[in-house]
Amino acid sequence: MTTEATRPAVPLEALRAELGDIVRTDAEALHEARADRSGHVSSSAPLAVVEARSIADVQATLRFATAHRIPVVPRGAGTGLAGAAIASEGELVLSTRRMTRVLEVSVDDELAVVEPGVLNADLNELLSSRGLWWAPDPASRRISTVGGNIATNAGGLLCVKYGVTREAVLGLKVVLADGRLLELGHRTVKGVTGYDLTALMIGSEGTLGVIVEATLRLLPLPRGGVVTVKAQFDSVERAARASSVVSASGVKPAIMELLDPLAVRNIAAHLGADLGSGAIVLVRTDGAAAEADAEAIIAVMRSLGGVVESTSDVEAGERLFEIRRAFHPSQEARGAVLIEDVAVPRSALPAMFAAIERISVTYGIEIPTVAHAGDGNLHPNFVFDGEVVDGHLDVPPHVWAAADELFVDCLRLGGTLTGEHGVGILKKRWLRDELGDDSFALQQQLKAVFDPLGLLNPGKVF
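Numbering (my numbering), first residue to last: 1 to 462.
The hints are simulated quantities; they were obtained by calculation from the structure and are not laboratory data. Some hints here could point you the wrong way.
Said to hold, decoys possible - With a Cα cut of at most 30 Å, we get these calculated DSS-like pairs of lysine-lysine:
1) K428 with K447
2) K161 with K252
3) K161 with K190
4) K190 with K447
Claimed, not checked - Here are the computed distance ranges between Cβ atoms for each label pair:
5) D385 with G287: 44 to 50 Å
6) T193 with D385: 52 to 58 Å
7) V314 with V192: 36 to 42 Å
8) G459 with E28: 21 to 27 Å
9) G454 with V107: 41 to 47 Å
10) P396 with P345: 30 to 36 Å
11) D108 with D437: 45 to 51 Å
12) V449 with R223: 41 to 47 Å
13) S235 with E318: 26 to 32 Å
14) D404 with A299: 19 to 25 Å
15) D274 with R98: 44 to 50 Å
16) L219 with G305: 31 to 37 Å
17) L200 with A56: 20 to 26 Å
18) V449 with G414: 41 to 47 Å
All values derive from a computational prediction rather than experimental measurement. The beta-carbon is built from N, C-alpha and C at its ideal position, and this holds for glycine as well.
All chains should be built: construct the whole structure from the sequences, respecting the hints.
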């Protein structure tokens, strides 16, 4: 096996001569690039990390990598949950985390032009003074970057009303593996010239090119009040049914989150709080119709057995949503966690929760689950006794078997393997099952068109 001492020094020194100290080989930088937030850790360190500050830095790095046939792993903040930004021996990490400029904000055209390293929360703090916001809102908004959100087509709590990242991107600048710069998309609200390569890049997880600039579609800040509703149900099936009925009613909540009884129990233990028994649905309405929408939702929840409380006080509403934000910490406190991400048609939510309960019993595994109930996206968390072995999270075979059954049930219900986290290394073994042989082969051919040498993010997705 190639070791640190035997790796070729001349090519790397040539890159450092061109780019200077943004080429890092210190232990801290290399160790950080071995992991993201999926729980997976590479068994070896990458060759180097390039902390690009400009488009020119990205182009120079990719030209160098192509000339020397070195694989490149594009990386943002490393907050992904699918292992798509993890690097290992012999690979060069190209980080855009230091590209943090907001290049333009146009109030008239409701758009912003930004570099990929801008944090979601920072961008919206800047935009708020101008009465605008960028709607994509992953739960990690204070630590996740715009570029990473685009590369994974990230979702989040607000997708039910405001859509996923793809709906909020007008154009991109992307550097291909050979260093060429593509300018994709447009600044106009409409634009249908040629194939939609912008949409193709969104969610491509660094396998087709490196996003270096984005033109974002902004929205006016919602006007009117905010109402938060908490409904408690005696079973997750009733809670899921109520959520499905709300979705079909024509009312558009800004957020609708569902926590199953096991999730509620674990969160209560973690917070030291009395959250009652059963499942919880948390709903937020906003805008001019916030009060009327909340009243309609409350009526549905009560008609289906929910015990409801609501508030129009913003701070009180935030305290209710602390229950949701405590979900992942509460599971991590109980053991190793495999965080999954599936989506089904909203009418199939009750059936999917029933399948999760059945699988939990069959395999003897705790699977606390939270769902973005407004769009049918579920996050079952497999909690088990596990540890990192040879650099990887040691997931026992029975946990993978349970996950496999979960994915089969999801597809049977007309669902998809991932609603927002992406494929990365976590889901690639099941990708062909959803796409089918012909679509799978066609996507591989598309990858080869953009990256004929196969240097960009090798081993991810396919």
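Hint-by-hint comparison with the structure:
1. K428 with K447: 15 Å, holds
2. K161 with K252: Holds: K161 and K252 sit about 6 Å apart, inside 30 Å.
3. K161 with K190: 21 Å, holds
4. K190 with K447: Holds, at about 27 Å.
5. D385 with G287: 44 to 50 Å: 46 Å, holds
6. T193 with D385: 52 to 58 Å: With a Cβ separation near 55 Å, T193 and D385 satisfy 52 to 58 Å, so the hint holds.
7. V314 with V192: 36 to 42 Å: This hint holds: roughly 40 Å between Cβ atoms.
8. G459 with E28: 21 to 27 Å: 24 Å, holds
9. G454 with V107: 41 to 47 Å: Taking Cβ atoms as reference, G454 and V107 lie about 43 Å apart, which means the hint holds.
10. P396 with P345: 30 to 36 Å: Holds - the Cβ-Cβ distance for P396 and P345, about 31 Å, lies within 30 to 36 Å.
11. D108 with D437: 45 to 51 Å: 49 Å, holds
12. V449 with R223: 41 to 47 Å: 45 Å, holds
13. S235 with E318: 26 to 32 Å: 27 Å, holds
14. D404 with A299: 19 to 25 Å: Taking Cβ atoms as reference, D404 and A299 lie about 40 Å apart, which means the hint is violated.
15. D274 with R98: 44 to 50 Å: Check passed, 45 Å falls within 44 to 50 Å.
16. L219 with G305: 31 to 37 Å: 35 Å, holds
17. L200 with A56: 20 to 26 Å: Taking Cβ atoms as reference, L200 and A56 lie about 25 Å apart, which means the hint holds.
18. V449 with G414: 41 to 47 Å: 30 Å, violated
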